[in-house]
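Participant: Modelling step: build the complete structure from the supplied sequences, incorporating the hints.
Chains A and B, in that order, are what the protein sequence lines are.
Just so you know, we're using my numbering here: the first sequence kicks off at 1 and counts up by one.
Just so you know, we're using my numbering here: the second sequence kicks off at 1 and counts up by one.
Worth flagging that the hints you see were computed from the coordinates, not collected in a lab.
Hints are supplied without guarantee of correctness; some may be wrong.
[Claimed, not checked] Calculated lysine-lysine pairs in the DSBU-like style (CA-CA distance at most 35 Å, straight line):
(1) K181/B - K20/A
(2) K46/A - K345/B
(3) K62/A - K153/B
(4) K21/B - K345/B
(5) K101/B - K46/A
(6) K59/A - K169/B
(7) K20/A - K265/B
(8) K20/A - K32/B
(9) K345/B - K20/A
(10) K183/B - K213/B
(11) K314/B - K46/A
(12) K46/A - K32/B
(13) K314/B - K213/B
[Unchecked claim] Pulled a few chain A residues facing chain B out of the computed Cβ check, cut under 10 Å:
(14) T40
(15) G41
(16) P42
(17) G61
(18) G68
(19) R73
(20) Q74
(21) N77
(22) P78
(23) V79
(24) I83
(25) L84
(26) S85
(27) E86
(28) G87
(29) E88
Fair warning: this is a prediction, and the values are worked out from it, not measured in the lab.
From the three backbone atoms N, C-alpha and C, an ideal C-beta is built for every residue, glycine too.
What follows is each chain in one-letter form.
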Amino acid sequence: MKNRKVVCRCEDVTEEEIIKAIEEGYDDLESLKRYTGVTTGPCQGKGCLMHVLRILSQKTGKSVDEIGVTTQRQPVNPVPLYILSEGEEE
Amino acid sequence: MRVAIIGGGIVGLSTAYFLAKNGIDVSVFERKYLVYGASGRNPGGVTAQMENEFMIKLALESMRLYDEIQSEIGFNFLLRRDGYLKIADEKDAEKLENEVKFQRRHGVDVEILQPEEVKEIFPDINTESFSIASYFADGCIVFPWAVIWGLAKGCRDLGVKIYDYTPAKVVVEKGEVVGVKAKELHRADFVVNAAGAWSNEISREAGVELGNKIVKEEICVTESLKPYINPYILDISSGIYVTQTVRGEVIGGIVGSEVNAIDFKGSLNFLIRYAKRVTQLIPKLKGLSVLRQWTGVYDVGKNGLPVIGFTKVKGFIQANGFGRNGMSTGLAAGKALAEMITKGKSKLLAHV
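Facilitator: Encoded structure:
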């Protein structure tokens, strides 16, 4: 357990798990994200995306530019439903 | 025989899987990555609470196939049989009751529940927020991504070639398909248009007018909770639906509306509408935070039903227009279409 390198803390995904997924063929960023759950937790990738890019780049030999980033989706930070429910509908 | 399928969603992959089981040489062309389209953007509700006999048949058969296929392939679809609830306010009560009568006549084991009875299934529902419910205990929630990856694995194990990030065009000569043109020409005896929201363009390239309606729908997830909301809940009066994913996120959205062109823009207005209604239905969710919102697009056949079958172009086959029912009916539709391609007919598709 000492050697576990946790890459995505929200979803508890380790570097070894990411590498395994890449080897299984989930070797583009969008598929890797969905298959492993990285970047989909409360931080929405703010804490882990760069590490994931590094691993994917090292494993596939593609440059970080070539890999790109995941689609960024609103909200930037989590927003509670009770606040949203006070908003005004168009 | 060779078949080329355009679209790596549930309909395309299911068709590919059942064709390959019959020893057919199949290639699937996906213009983006698997789960990019509606098959990867939906909340995973599976039901037979339809208003059309053909769709009910497809749904009941699909529900059986989910079990069969995931064992066959050896990939967990993360399906849970926790029931599907449709709720309605007073003005839609009669509509829901009629729907239930129709479904029961066609073999769907669905029942009318009063709000107090719904509380027994899901204790935190606000019984003041609706007047009647239709409950389908066999209804399921699947993890759509797992369904698509599982089907893809099953296809590959049978020798199907799946080309992702590969747009493909139908090639027609003298009123007959020759194959599809991707990076190179792939010859095929049949080309299946299972491109979902993109089916109109694919069809036009083949010289066949399709005219499916395009619908845009918004959806969101909250942070995760331990399993709590078991059934899938759809409020037919407001169009709002909500359930929980296998990962614990509370997932929900609002039934979409027709648009002229495909776009994936999300709106704050959606979040406000959703938050207002969902916190009425389940007041306890108030403190939960929305993590992420997204948008999906799907196509609906002109008469509200899927478009499945041969066209005036020899070898060109439609398998699109499934609307919100792809996860509920796609497996059976793919199986039936594979039968039609290999044997020339299918009992399920007898009328199309």
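Participant: Run every hint past the structure and note whether it holds.
Facilitator: Do the hints match the structure? See the list:
1. K181/B - K20/A: holds (33 Å)
2. K46/A - K345/B: violated (53 Å)
3. K62/A - K153/B: Satisfied, since the Cα-Cα distance of roughly 25 Å is no more than 35 Å.
4. K21/B - K345/B: holds (17 Å)
5. K101/B - K46/A: Violated - the C-alpha atoms of K46/A and K101/B are around 51 Å apart, more than 35 Å.
6. K59/A - K169/B: holds (32 Å)
7. K20/A - K265/B: It holds: about 33 Å lies between the C-alpha atoms, which stays within 35 Å.
8. K20/A - K32/B: holds (22 Å)
9. K345/B - K20/A: Answer violated: K345/B to K20/A is near 43 Å, above 35 Å.
10. K183/B - K213/B: Distance ~29 Å between K183/B and K213/B Cα, so the pair holds.
11. K314/B - K46/A: At roughly 51 Å apart (the allowed maximum being 35 Å), K46/A and K314/B break the hint.
12. K46/A - K32/B: holds (25 Å)
13. K314/B - K213/B: The given pair, whose Cα atoms are some 24 Å apart, holds under the 35 Å limit.
14. T40: Because about 7 Å separates T40/A from the closest Cβ in chain B, which is inside the 10 Å limit, the hint holds.
15. G41: holds (8 Å)
16. P42: holds (6 Å)
17. G61: violated (17 Å)
18. G68: Where the cut-off is 10 Å and the nearest Cβ of chain B is about 12 Å from G68/A, the hint is violated.
19. R73: Holds, about 5 Å.
20. Q74: holds (6 Å)
21. N77: holds (9 Å)
22. P78: holds (4 Å)
23. V79: Because about 5 Å separates V79/A from the closest Cβ in chain B, which is inside the 10 Å limit, the hint holds.
24. I83: At 8 Å from the nearest chain B Cβ, I83/A passes the 10 Å test, so the hint holds.
25. L84: holds (4 Å)
26. S85: holds (4 Å)
27. E86: holds (8 Å)
28. G87: holds (4 Å)
29. E88: holds (7 Å)
Hints 2, 5, 9, 11, 17, 18, counting from the list given before, are not met by this structure.
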